[in-house]
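Residue 5 is where the sequence shown starts when you use this note's numbering, and the numbers rise one by one after that.
Treat each hint with caution, since some may be false.
[As the list claims (entries may be wrong)] For lysine-lysine, the following BS3-like pairs were computed, each having C-alpha atoms within a straight-line distance of at most 25 Å:
1. Lys100 - Lys137
2. Lys109 - Lys138
3. Lys109 - Lys74
4. Lys21 - Lys100
5. Lys100 - Lys138
Worth flagging that the hints you see were computed from the coordinates, not collected in a lab.
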Amino acid sequence: MPRVLVQMLEDADAVVKAADLLRQSADAMQDRRQQAFDSGAITAPQARKNVLEENNLRIHISEMLLRAIKLVVDGAGPSQSDLEGAIEKANEEIRKIEQVRQALKIFASVLNLATAILGRDPVSIIDALSAVKKHSGAV
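Use the sequences and the hints to build the structure in full.
Okay, here's the thing in structure tokens:
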């Protein structure tokens with residue numbers, strides 16, 4: 005019966021809810037089995053049989069959750085392409101920001117050069133020229 009339920013449910017949320025209900029049933033089955041075994045109401049072979057039934061139920065639950073994941077992934081196709089487009093736009097903006105940062109570094113090093121020239125300090129002028137060369141990419 006759970007296999008038919010998996011095929012009938014086409015909405016990921018509905019599949020997850022159904023799987024959760026079955027999980028609750030499996031948990032209750034486990035609790036009842038333990039209580040019955042502890043009280044002597046069932047024998048060890050009966051408890052083993054019940055464990056097998058519970059495990060089969062949990063296998064169906066896993067199949068349902070895999071189905072829900074597949075439904076989510078299949079539905080994410082268009083969203084993923086939108087996300088990839090947004091990531092590319094963000095990368096373009098980051099490249100522009102990096103260009104502005106580089107331009108600011110060049111501008112700051114040129115200002116330092118001008119200050120060194122006005123101060124007539126040969127060591128500062130050489131250091132400022134080196135900075136301009138470094139930031140402008142000149143060899």
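Now for the hints, and whether the structure bears them out:
no.: 1; hint: Lys100 - Lys137; verdict: 21 Å, holds
no.: 2; hint: Lys109 - Lys138; verdict: 10 Å, holds
no.: 3; hint: Lys109 - Lys74; verdict: 50 Å, violated
no.: 4; hint: Lys21 - Lys100; verdict: 47 Å, violated
no.: 5; hint: Lys100 - Lys138; verdict: 20 Å, holds
Hints 3 and 4, counting from the list given before, are not met by this structure.
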